[in-house]
Amino acid sequence: MSTNQFLEQLAGILPDERLLVRQEDLAPYECDALTALREKPLAVAIPETEDEILKLLEACRQHSIAVVTRGAGTGLSGGARPVAGALLVSMMRFNRILEVDEENLTALVEPGVRNLAISEAVADKGLYYAPDPSSQLACSIGGNVAENAGGVHCLKYGLTVHNIVGLKVITIDGHVHTLGNNTLESPGYDLTALMNGSEGMLAMITEIRVRLRVKPPIVRVILAAFDDIEQAGNAVSTIIKAGIVPAGLEMMDGDAIKAVEDFAHAGYPLDAQAILLCELDGLEAEVNAQIETVTALLNEQGATEVRTSRDDQERMRFWAGRKSAFPAVGRISPDYYVMDGTIPRAALGTVLKQIGAWSKEIGLSVANVFHAGDGNLHPLILYNGNIPGEVEKAEELGLRILTLSVELGGSITGEHGVGVEKLDAMCDQFNSDELALFHALKEAFDPHSLLNPGKAVPSLHRCAELGAMHVHNGKLPFPELDRF
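Numbering (this note's numbering), first residue to last: 197 to 680.
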């Protein structure tokens with residue numbers, strides 16, 4: 197069947213205003229927040245009902261057309277980047293909060309609901325949704341599930357996967373499945389967890405049941421300044437080793453501090469080489485005791501200044517600076533490349549020192565902002581895409597950071613996903629057996645590879661080309677894996 201026949205079939209499913217085919221209408225969908233990689237889809241569909249999704253998937257199966265699901269487009273790894281000739285399905289109209297269950301502390305929401313909107317909807321009940329990516333004002337909960345997003349509070353309250361108790365999904369064959377339930381445990385395979393971080397490769401999500409939490413009575417943030425970035429990194433491990441688990445423990449280096457303060461006016465000390473933001477929450481007596489302990493530890497580790505938020509207004513101002521880091525850096529550089537490696541906390545000082553050395557060697561500045569408590573690095577590599585060779589330099593520096601993360605026992609991603617950005621780096625982290633298992637899971641859910649193909653998991657032959665796996669006469673070492 198022809199492309200025209202496929203588009204005619206789509207026109208019978210959706211009205212004109214929710215089916216985009218003109219080139220100028222497709223342009224806003226050619227990338228997510230990884231803007232360096234762009235590809236226009238064949239068409240963009242904007243369904244409003246589950247029945248419309250079922251019909252769209254049926255048309256894609258009949259015509260063997262790939263499907264890429266998109267939330268708010270704030271992802272940083274190219275996970276929502278269209279594939280040439282694919283149908284991009286935007287979930288922007290699936291934006292309702294369907295139910296709030298105060299007794300079981302859950303809410304049932306559609307995937308297009310903004311992350312922050314969930315907390316706003318239940319604030320009057322003294323509840324909130326814990327995972328809070330920096331893009332929470334705009335990012336969708338469906339995208340958070342797809343990438344297993346984190347946020348500044350993931351140290352104590354977990355990533356998205358730890359805060360999702362159920363999903364409703366539609367597989368490429370048109371079957372609707374309800375995964376998980378409204379309890380802490382459910383029988384059988386944990387398919388809910390499997391869907392978290394699957395980047396739209398296994399199914400389309402139409403409903404999400406999130407875990408809600410009761411707002412703690414007291415929340416305070418300690419801001420600590422350091423004149424040595426390694427000392428700040430070492431202070432992170434010291435706090436955790438003392439048996440204290442902060443709600444959030446974030447770090448920024450001197451370049452990030454200057455960019456953020458000029459943008460958000462958060463009250464950060466401009467002469468600091470690094471700052472830590474340590475949030476403590478709970479009962480008043482508990483928090484006061486922890487503030488005293490953490491303050492003493494920070495001073496012992498060489499902090500030049502330690503401040504504790506006096507009220508919620510000042511606490512929110514401290515966090516506003518951290519959450520504004522990405523747009524703030526965007527004001528001082530034509531382009532920047534955000535990395536997302538994860539390392540053991542004890543290696544923070546070592547890695548920051550190495551990033552600084554590589555930055556000087558390659559000739560590109562790096563502003564570091566990251567979730568220090570769980571070792572999730574977010575180096576922002578500054579470059580100018582209009583200068584020949586700078587994109588390649590940024591990519592080289594990014595790959596070095598990811599490779600170092602794996603060598604130290606960490607991971608190539610903590611919350612941004614793999615998408616297309618980190619495909620080659622997957623070859624460093626996983627061996628052929630592990631990658632084959634990923635491919636087998638994909639094949640079980642999507643045998644014809646129509647859902648977001650070419651993302652997250654590299655082919656074994658690609659890894660072999662990179663020298664990560666041995667190939668003899670064009671064959672992989674395990675014949676049964678050769679089809680991957």
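These aren't lab readings, by the way, just hints derived from the structure by calculation. One should not assume that every hint holds.
[To be verified] Derived Cβ-Cβ restraints for the label pairs, each shown as a range:
| no. | residue 1 | residue 2 | range |
| --- | --- | --- | --- |
| 1 | E226 | L390 | 23 to 31 Å |
| 2 | H644 | S607 | 27 to 35 Å |
| 3 | G526 | T367 | 19 to 27 Å |
| 4 | T367 | T546 | 38 to 46 Å |
| 5 | V372 | S655 | 26 to 34 Å |
| 6 | R506 | E630 | 43 to 51 Å |
| 7 | A553 | S655 | 28 to 36 Å |
Each residue gets a CB set at the ideal place from its N, CA and C atoms; glycine is no exception.
Here's how the hints hold up against the structure:
no. : hint                    : in the structure
1   : E226 / L390: 23 to 31 Å : holds, 29 Å
2   : H644 / S607: 27 to 35 Å : holds, 30 Å
3   : G526 / T367: 19 to 27 Å : violated, 38 Å
4   : T367 / T546: 38 to 46 Å : holds, 44 Å
5   : V372 / S655: 26 to 34 Å : holds, 31 Å
6   : R506 / E630: 43 to 51 Å : holds, 50 Å
7   : A553 / S655: 28 to 36 Å : holds, 34 Å
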